[in-house]
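Peer 1: Here is how the chains run, residue by residue.
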Amino acid sequence: MKNLKQIAFGLLVGAMAIGFSSFTNSASSSVNKTKFAKTFYGLNQAGTIYSREASNPADDCTPKSTNPSCVISYPSDQGATLTVGSLPAGSTSESSPGWVNP
Amino acid sequence: MESVIMNKSKFQISELTRERIVIAMRWICMALFIYTAYAKTIDHDRFLKGLTRVHLINGLAVFISFVVPVVEFIIALLLLIPKTAKIGLYCFIAVMTAFTFYIISAIIWEKTLPCHCGGAIEKLSWSQHIWFNLAFISIAIFALRFIKLSTSFKNLRK
Chain A
298 MKNLKQIAFG LLVGAMAIGF SSFTNSASSS VNKTKFAKTF YGLNQAGTIY SREASNPADD
358 CTPKSTNPSC VISYPSDQGA TLTVGSLPAG STSESSPGWV NP
Chain B
10 MESVIMNKSK FQISELTRER IVIAMRWICM ALFIYTAYAK TIDHDRFLKG LTRVHLINGL
70 AVFISFVVPV VEFIIALLLL IPKTAKIGLY CFIAVMTAFT FYIISAIIWE KTLPCHCGGA
130 IEKLSWSQHI WFNLAFISIA IFALRFIKLS TSFKNLRK
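Chains A and B, in that order, give the protein sequences. Residue 298 is where the first sequence starts when you use our numbering, and the numbers rise one by one after that. Residue 10 is where the second sequence starts when you use our numbering, and the numbers rise one by one after that.
Don't read these hints as lab results, they were simulated from the structure. There could be a bad hint or two in this list.
Cβ-Cβ distance ranges computed for the label pairs, FRET-style [to be verified]:
1. G68(B) x I304(A): 37 to 45 Å
2. W140(B) x M313(A): 20 to 28 Å
3. D54(B) x L301(A): 33 to 41 Å
4. K58(B) x A312(A): 39 to 47 Å
5. T106(B) x S319(A): 38 to 46 Å
6. I83(B) x M313(A): 18 to 26 Å
7. S323(A) x S134(B): 17 to 25 Å
8. G316(A) x V79(B): 33 to 41 Å
9. A305(A) x Y99(B): 18 to 26 Å
Quick caveat: nothing in here was measured; it's all calculated off a predicted structure. The C-beta atom is built at its ideal place from N, Cα and C for all residues, glycine as well.
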């Protein structure tokens, strides 16, 4: 009985540790670290060609945005940086709508 | 006439207090392993990427990325169950010592030092990390010493 009580309290401590872990982990997770790209590319009406936008084209530019003109870069260590030079003018993109994978 | 001289320490704690201290120490060690293992499991990709950057363990990165959280969970389970607590503490000391040696060797041989220990522990500097590990190792050693003391007292009573 004493052992069971001890295990129960131990499980409580473990649950608290998991809770604290997810709390601290969410603060440093990749979603919150997602940075907005300094350079934005917008899809044309047909959704085939990307062209550079002068400034931030959308205020609702969030990771869950479905706006085709919203481009969000991943953290720099997860891929190459998207630059104007890396995209040939008039090229066709295979990216899914709303997202450009740098 | 014979006389028996007993050396009694000035600092004495009751059996119950000693037992409670051991339980608290076990739970602290268990909480640390659950905390870090959970963080590594949830953000496994990041943990794996970090390990691949370390040249010392580059080849075994995938294996280590799975083994370390599993081992931590198993040791946490051993620490939770009173019957296996002693084995759990020995394993805890062994694993923490291995981690400390890994940190020291990484400091010596690695140019860049990525830490993917999980959660808030990542924010520690490398020297702080070593002190942190040593503190937990000493907590586990104290817990083992208390367990040994209480078992020897029980044997004396018999």
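Peer 1: Indicate, hint by hint, whether the structure satisfies it.
Peer 2: These are the hints, each one checked on the structure:
A hinted range of 37 to 45 Å holds for the C-beta pair G68(B) and I304(A), which are about 39 Å apart. The hinted window of 20 to 28 Å between W140(B) and M313(A) holds, with their beta carbons roughly 24 Å apart. As the Cβ distance of D54(B) to L301(A) is approximately 38 Å, the hint placing it in 33 to 41 Å holds. Against the hinted window of 39 to 47 Å, the Cβ-Cβ separation of K58(B) and A312(A) comes to about 29 Å, which falls outside the hint.
The hinted range of 38 to 46 Å is not satisfied by T106(B) and S319(A), whose Cβ atoms lie roughly 28 Å apart. Between I83(B) and M313(A), the C-beta spacing of about 20 Å keeps the proposed range 18 to 26 Å intact. Roughly 23 Å separates the CB atoms of S323(A) and S134(B), a value that falls within the hinted 17 to 25 Å. A beta carbon spacing of about 21 Å between G316(A) and V79(B) contradicts the range 33 to 41 Å that was offered as a hint.
Under the hint 18 to 26 Å, the C-beta atoms of A305(A) and Y99(B), about 24 Å apart, fit the expected range.
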